[in-house]
Amino acid sequence: AQRVTQPEKLLSVFKGAPVELKCNYSYSGSPELFWYVQYSRQRLQLLLRHISRESIKGFTADLNKGETSFHLKKPFAQEEDSAMYYCALRGAGGGNKLTFGTGTQLKVEL
Amino acid sequence: NAGVTQTPKFRVLKTGQSMTLLCAQDMNHEYMYWYRQDPGMGLRLIHYSVGEGTTAKGEVPDGYNVSRLKKQNFLLGLESAAPSQTSVYFCASSHGGGTEAFFGQGTRLTVV
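As you go down the protein sequences, you meet chains E and P in turn. All you need for my numbering is the position in the first sequence, starting with 1, plus 34. All you need for my numbering is the position in the second sequence, starting with 1, plus 3.
Source of the hints: derived by calculation from the structure; they are not laboratory data. Hints are supplied without guarantee of correctness; some may be wrong.
[What the hints assert, rightly or not] If you only want the chain E side, here are some residues facing chain P, beta carbon under 7 Å, derived:
1) Y73
2) S74
3) R77
4) L80
5) G125
6) A126
[Unchecked claim] If you want the ones that stay clear, here's a sample from chain E, every Cβ over 12 Å from chain P, calculated:
7) G92
8) F93
9) E101
10) L144
[Stated by the list, open to error] Derived SDA-like pairs: lysine to any residue, alpha-carbon spacing no greater than 25 Å straight-line:
11) K107/E <-> G43/P
12) K91/E <-> E113/E
13) K60/P <-> G63/E
14) K43/E <-> R111/P
15) K43/E <-> Q20/P
16) K107/E <-> K60/P
17) K12/P <-> Y73/E
18) K60/P <-> K99/E
19) K56/E <-> K60/P
Think of the CB as a built atom: it goes at the ideal place given N, C-alpha and C, for glycine as much as any other residue.
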């Protein structure tokens, strides 16, 4: 079975402060990990994926297989980063299915 | 490009009523999915389809049925709605092979 855990329901930071959204996963094989973001009243959209190893909107995430983690980080939070963030895992099973975590609401305060 | 479009955006049902949610995608994707989003529970997969004419159960399929008669459409049916089905429903689609999933704007369903 595959599982994604996001331990924080809400993370509140001040503008300019560093951000780290935690994600841990449970999967026996080699997973693909993703971060999706949902801004207020908008649809979910892909933020980044571990295989791309890219930085989007200043966010980065590194897959740590030893700790089974895929934490999302940004050095300086911006007000427009306020949103719901979901970590997701795609395993090797058929259907290309994504398993989502419960999400973390990021609130960036001025 | 419309991407993934869900109809309707909002709906209120009485317990026991039936309804169908429509998802349409114009990206020629093989895979389509229906998720429900509930506070504190994230997104949970209801049913999915790997191609026209195929459907499969996800994590929480009970009380729902689906059909994929055309490649671009994926229908989610509630035969007898229950208050526990009050949720926000998201449709998504993707190509195969580990590609990005694209989501619709969601349907907010309330069952009273």
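Each hint, compared with the structure:
Taking 7 Å as the C-beta contact cut-off toward chain P, the hint placing Y73/E at the interface is violated, the least distance being around 12 Å. Interface restraint check: S74/E against chain P, minimum CB-CB distance 12 Å, threshold 7 Å, status violated. Checking R77/E against chain P by beta carbon gives a least distance of about 5 Å; that is within 7 Å, so the hint holds. About 5 Å separates the beta-carbon of L80/E from the nearest beta-carbon of chain P, less than 7 Å, and the hint is met.
Violation of the interface hint for G125/E is found here, the shortest Cβ-Cβ separation to chain P being roughly 11 Å, above the 7 Å cut-off. Hint on A126/E is violated. Least Cβ distance to chain P is approximately 10 Å, over the 7 Å limit. Every beta carbon of chain P lies more than 12 Å from that of G92/E, the smallest distance being close to 20 Å; the non-interface claim holds. Every C-beta of chain P lies more than 12 Å from that of F93/E, the closest at about 16 Å, which supports listing it as non-interface.
Every CB of chain P lies more than 12 Å from the CB of E101/E, the least distance being 21 Å, so the non-interface label holds. At roughly 26 Å from the closest C-beta of chain P, the C-beta of L144/E stays outside 12 Å, upholding its exclusion from the interface. The hinted pair formed by K107/E and G43/P meets the criterion: a straight-line CA distance of about 22 Å does not exceed 25 Å. In summary, the hint linking K91/E to E113/E is supported, as the alpha carbons are separated by about 12 Å, within the 25 Å threshold.
With a C-alpha separation of about 22 Å, the suggested pair K60/P and G63/E falls inside the 25 Å cut-off, and the hint holds. Straight-line distance between C-alpha atoms of K43/E and R111/P comes to about 21 Å, which keeps the hinted pair within the 25 Å bound. Pair hint K43/E plus Q20/P does not hold up; C-alpha atoms about 34 Å apart against a cutoff of 25 Å. Using a Cα cut-off of 25 Å, the hinted pair K107/E and K60/P is violated, with the two alpha carbons roughly 34 Å apart.
For the hint pairing K12/P with Y73/E, the CA-to-CA distance comes to about 17 Å; that is within 25 Å, so the pair holds. Using a Cα cut-off of 25 Å, the hinted pair K60/P and K99/E is violated, with the two alpha carbons roughly 29 Å apart. Straight-line distance between C-alpha atoms of K56/E and K60/P comes to about 29 Å, which puts the hinted pair past the 25 Å bound.
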